[in-house]
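> Sequence:
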Amino acid sequence: MASITLKYDARNSLAKKTIDYILSLGFFSLEKKEKSSFELSKEDIEKGRIFTAKDAKDLIEKCLK
1 MASITLKYDA
11 RNSLAKKTID
21 YILSLGFFSL
31 EKKEKSSFEL
41 SKEDIEKGRI
51 FTAKDAKDLI
61 EKCLK
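Residue 9 in this note's numbering is what sits at position 9 of the sequence shown, and the numbering runs on without skipping anything.
Check each hint, because a few of them may be wrong.
[Stated by the list, open to error] Derived pair list, reagent style EDC-like, types lysine to aspartate or glutamate, alpha-carbon separation capped at 20 Å:
#1 7 - 43
#2 17 - 31
#3 47 - 34
#4 32 - 20
#5 65 - 55
#6 7 - 20
#7 33 - 58
#8 33 - 43
#9 33 - 20
#10 62 - 44
#11 16 - 31
Simulated from the structure, these hints should not be mistaken for lab results.
Note that the structure is a prediction, hence the values are computed from the model and not measured.
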């Protein structure tokens, strides 16, 4: 069986309806791939969603801001 990867904007209603229609034909199946914790962590680093703290007190201060 061949595989095709589609990338689309899930907020676009026309794209979502098109995908739903294609899946309703019964010839295709949807296979969701969940990201591993490593992939999620790597994505956090790339998008700058991490921070550092000097010590526990500094961490608590940053969390309370």
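> Which hints from the list above does the structure break, by number from lowest to highest?
The structure breaks only hint 7.
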